[in-house]
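Chains A and B supply the protein sequences, listed in that same order.
Start counting the first sequence at 1; every next residue gets the next number (the numbering used here).
Start counting the second sequence at 1001; every next residue gets the next number (the numbering used here).
Hints in this document: simulated from the structure, not taken from any laboratory.
Here a beta-carbon is modelled for each residue, glycine too, at the ideal position from N, C-alpha and C.
It is possible that some hints are incorrect.
With a straight-line Cα cutoff of 30 Å, these simulated DSS-like cross-link-like pairs (lysine-lysine) come out [as the list claims (entries may be wrong)]:
| id | chain 1 | residue 1 | chain 2 | residue 2 |
| --- | --- | --- | --- | --- |
| 1 | B | Lys1267 | B | Lys1489 |
| 2 | A | Lys321 | B | Lys1405 |
| 3 | B | Lys1405 | B | Lys1304 |
| 4 | A | Lys65 | B | Lys1304 |
| 5 | B | Lys1267 | B | Lys1351 |
| 6 | A | Lys65 | B | Lys1405 |
| 7 | B | Lys1489 | B | Lys1351 |
| 8 | A | Lys223 | A | Lys321 |
Pulled from the structure, derived: some chain A residues nowhere near chain B, Cβ distances all over 12 Å [what the hints assert, rightly or not]:
| id | residue |
| --- | --- |
| 9 | Met42 |
| 10 | Gly75 |
| 11 | Phe209 |
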Amino acid sequence: MAEAQQVPETAQAPLPTGPSQPTPSAPAGATLLRRIVTGTPMVSLLSVVLAIVIGGILMAVTNPKVATAAGYFFGRPGDTIAEIFRPYAALVQGSIFNWEGADFTAQIYPLVETFTVSTPLIFAGLGVALAFRAGLFNIGAQGQLIFGALLGAYVGFTWHLPPGLHLLVVILAGIVGGGLWGGLVGFLKARTGAHEVIVTIMFNYVASFLLLFLLTTPAFQRKGSTNPISPFLDEDALFPALLGPQFRIHAGFILAILVTWGVWWILNRSTIGFEFRAVGANPNAARTAGVNVGRATVLVMALAGALAGLSGIAQVAGTEKYLSGGVAASIGFDAITVALLGRSTPWGTLFAGLLFGAFRAGGVSMQAVTQTPIDIVLVIQSLIVLFIAAPPLVRAVFGLNPRRPKKAKEPPRAKAPMSTSGAAS
Amino acid sequence: MSTATTATTRPDEAPEEVLAPLVSWKAPIGLGILAVVGTVMFGVFSGGKSAAFGLVDTGRGASAVAAWLALAVAILAAAWLSYAWFRARRAGHGPAGWIPPALAAAVVVFVLAVLGVAGVTVITLGARLIGWLSAVVMLALAGWSAWLAPRGHKLPRWGVAAFAIAFLVGFLVWIVAGGRDATPYISLAGLLAGAVTLAVPLVFGSLSGVLCERSGIVNIAIEGQLLMGAFSAAVGATVTGSVYAGLIAAAVAGALVSLVLAVVSIKYLVNQIIVGVVLNVLVVGLTNFLFSTLLTANPEGLNKPPHLGSIEIPVLADVPLIGPILFRQSLVGYLMYIAVIVVYVGLFHTKWGLRVRAVGEHPQAADTLGVNVNRTRFWNTILGGAIAGIGGSFFTLVAVDAFSKEMSAGRGYIALAALIFGRWNPIGAFLASLLFGFADNLQSVITIIGSPLPSQFMAMLPYVVTVFAVAGLVGRSRPPAMEGIPYVKG
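Could you put the whole structure together from the sequences, leaning on the hints where they help?
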C-alpha cells in the first residue's frame, strides 16, 4: 500500500482515471496566461508542433534537393525553405484540401479520404481507450480486429441474407468475434492474473497466423485464386456509400461517430462505466466498494475487443470489401497511439483518429508527389505520443517550466493538468 | 480454457490472491491437456511410418577423433558430477541445483559420443512406437501430478523436464514421420545448428529484457532495440569497413533507444509500457524512412556491410550434434554464450546483482540500504539496450549482408515471450529462446519435407506456449514485484 501511495498520478499520465476534478489552485503569482500556456490542450498542440518540426528536420536533412537549394541559400533563401515545406504541403494537399483539383469533387476528395481512412482507426482507438480507462493496456486491438474481420467477412460472403439484415448480421459477427477474442484476455487476467499486455501481444500473433492459415483453406479462399484472399462480400453486406461511387467513404464513418457517443455514454452515464473507471482508478478501493473487479475486467476487455472488431468490419465491409492477410495493416498498433493522443476520452479519440487518418491519407499522396517515404508519418505519430505522454519534457523544450525550484516533497508540476484531462469528455 | 474454472479461486479476488491458492489444480490441468493432445496426435494419429534423423552434418564426415574426445570428456564429467552428488548426499544436504542438469547433459553427450564412435550417422525411429511411448510417459506424469496436487505437493522439476522431453521427442518424430517420403529424413545436426543460429537475436533480446525488468523497468522496446542495432550495424560497418565498428555502433544504437526509455520513464515518470510501444513504432518509422531515403540512394556506401564469418574451433567442432552448436559460431554467437553466463553470474552471484534484484523487488528497502534506485534502473536499462543492439547486429552482419525494412520481423516480441517463459532468469530465457528458435527452424524444415501440421500453427507455437506460461497452466511465471512502477523517493 505504501508503495502505491508513493507513486504520483503522473505515473498513469495517459490514463485519465476519474471524472473531472477541479484544477488544484495554481501556485501564487501564476498568471492566466501561464495557465493557458502550460495547460493540457496547449501541451497537446505543442507536442504536435514539436513532432512536425522534428519530422521536417529529418526530411530536410535526408532530402538531396534541400541540400542543393541550401548550396545557394544566401542567394535565394526562398528555395531552401520551399523545398523543406514541399512535403508538408503535399501532406495537407492529400489530406484536407486539394487546391490543384479540377472540380469540387477533386478538391474535396482528400478530406473525404481522410474520413474514410480514419474510420477503422477511430473504432480501434476507442477499444484501446476504453480498456485504458479501466486500467488495462489493450495492445491487442490488432488481434481483435482480425477476429472481427474474420467472422464478419465469413458471414458476409457465405450467408446470403436480405439487404439491411445482412449488414446488421455482419456487424454483429464482427462485434462477437472481436469481443470473444478480447474477452478471453480479460478472462485470463481475472482468473489467473496473466498480465494483459503479454497476453494481448501474443494473441495478436496467434490471430494473424490463424488468419493466414484460414485464407489457405477452401472455406475462406477465393475460388480459382491461388492468392490467400477471400471472396468479395455480398453487396448487401457492405456499408452503403455515403457520397456516391466517386468517393470511398461509407456509412461506417457515421457508425464510428455514433459509437463514439455510445462509448462516452457507457463511460460517463452508465453504472458499468462507472465501475470500469473505478477499477481503473483503484482496483482495491473498487473491490471494497462492492465492484466485482473480475467481472469488470472481463467485460471491459470484451467491449474493447468488440470495438476493435468493428474496426475490422469497417475494413472488410467498408473499404476493402474482402478479407486478406493484410486486412489489419497496422491499424491495431496505430490505435494505441490514437487512444494515447486522445487521452483515452471518446471524443478525444475521435479527433486523434481523424488527425492520424489525415496523416495516413496525406502520407500516401506525399509519397507520390514528393517521393518522401510515408514512414515519416510513423515517426511524427510516435513522437507526438511520446511528447504528449511527457508534458514536462515539452514544457522544458519550449521553456515553459516554472522557474521556481521544486522541493522534493512537492508533487511534480505535471499533476495539475494531467488529473483534469478526464474533463475533455 | 473453461477447464481452468475448476481452480479453487474466485474471479472476484485480486490477481495477487489468485496466485497463491492452497491447492492449485493448474499444473495437473495444463499437463493433462498437453498429455491428452499428445496422446491423440502422436499416438492415435501416428502413421505407420518411420522418421530418420541424421546426426552428422551433411557433406562432412564424422570425425573419429572428435567422437573419442567427447566420449572421454563425457565420462570424466559424468564421473566427477556423480561423485559430487554422492558426496553432497553423504554430507546430509542435497546437491547444488546445477548438478542434476549438468549430469543429464553429460549423459547426453556420452550417448552421442558412443554413437559417434560406433559410426552411427542416422537414427531411424518408428513413429507409432515412439508416439505411444511418449504418450504413456506424459499421461503417467500428468496423473502423478494430479495425485500430488490435493496433497499440496507439486511435480518435481525433473518430472516437468521429463514431460517436456517426452512431448518434444514425440512431437518431433510425429511431425517428421508425417512427411511426404516413405521414410522422411531430416538432419538433426542441421536442425539444431539452425535453431541456435535463429535463437541468437532472441537470446540477446531476452537478456536485455532480463536486465531491465529485474531492475523494475518494463522493456517492451526490445523490438526497437534489435531493429536499431541491425540498422546501425549495417551502416557503421559499411562506413568504416570494419565489422567490429559495426558491432560497437549496434551496441550504441541499442543503448540510445534504451536511453529514451530510461529518461522518459524514470525522469518523467511516463508509463513504461507506453514508452516501449511508442519507441517500437518510432524505430520502425525511423529506420524505414532512412532506408528509403539514404540507404536506397547509396547502397554501396551505406548498406553493404562486411560479413562476419563463423570461427571454427578445430576438432571440437566435429563432435556430433553439439560440436557445430558450441564451436562453429560467428563472433556474435560466441558473444551470446558469454553474455548469458556473465548476466547469470552477475545477477545471481555478485553484490551488483543482488542490488539490481532488490531494486526490482522492493525499491524502498534497497533505497533504505543506500542503493540509488533510479541510477541502478537507468544503467541497467542502458546496458540492456546495448546487449539487444548487439543482438540486432546479427541480422545485418551474420544472417543477411544488408539492412532491409523491418528485418527484425517481430523477433523482439518473441524475445519478450522467451524472457517470460524463462521466468525472468538468464538461463531460462536462453533455453526458452533456443526452444523458440528451434520451433522457428523446424517450421521451415517441415515445409520442405511436407508435414501434417500447417506451418502457421508451428509459427504460432511460441506465442501459445507463452500464454500458457503466464496463465500459470504450465509452471508459473512471476515478474519482479515492482516492475513497471516508477520509484519516487520520499
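* Proposed proximity, Lys1405/B with Lys321/A (alpha carbon, max 30 Å) -> holds, 28 Å
* Asked: Does the alpha-carbon distance linking Lys1267/B and Lys1351/B stay inside the 30 Å limit?
  -> holds, 26 Å
* Verify the proposed pairing of Lys223/A with Lys321/A, using a straight-line Cα cut of 30 Å. => holds, 16 Å
* **Pair hint Lys1405/B and Lys1304/B, alpha-carbon separation not exceeding 30 Å** => holds, 15 Å
* Minimum Cβ distance from Gly75/A to chain B greater than 12 Å, as the annotation requires -> At about 26 Å from chain B, Gly75/A clears the 12 Å cut-off, so the statement holds.
* Asked: Does the claim that Phe209/A lies outside the interface with chain B hold up, using a Cβ gap greater than 12 Å?
  -> It is violated; Phe209/A is separated from chain B by about 4 Å at its closest Cβ, not greater than 12 Å.
* Asked: Holds or violated: are the alpha carbons of Lys1267/B and Lys1489/B at most 30 Å from each other?
  -> holds, 12 Å
* **Pairwise hint evaluation, Lys1405/B against Lys65/A, where the allowed Cα distance is 30 Å at most** => Within the cut-off at roughly 24 Å; holds.
* **Met42/A remote from chain B - nearest C-beta pair above 12 Å** => holds, 17 Å
* With a cut-off of 30 Å on the C-alpha distance, tell me whether Lys65/A and Lys1304/B pass. => holds, 25 Å
* Within a Cα-Cα threshold of 30 Å, do Lys1489/B and Lys1351/B meet the stated pairing? -> Since the Cα atoms of Lys1489/B and Lys1351/B sit roughly 22 Å apart, the hinted pair holds (cutoff 30 Å).
The structure fails hint 11 only (numbered hints given earlier).
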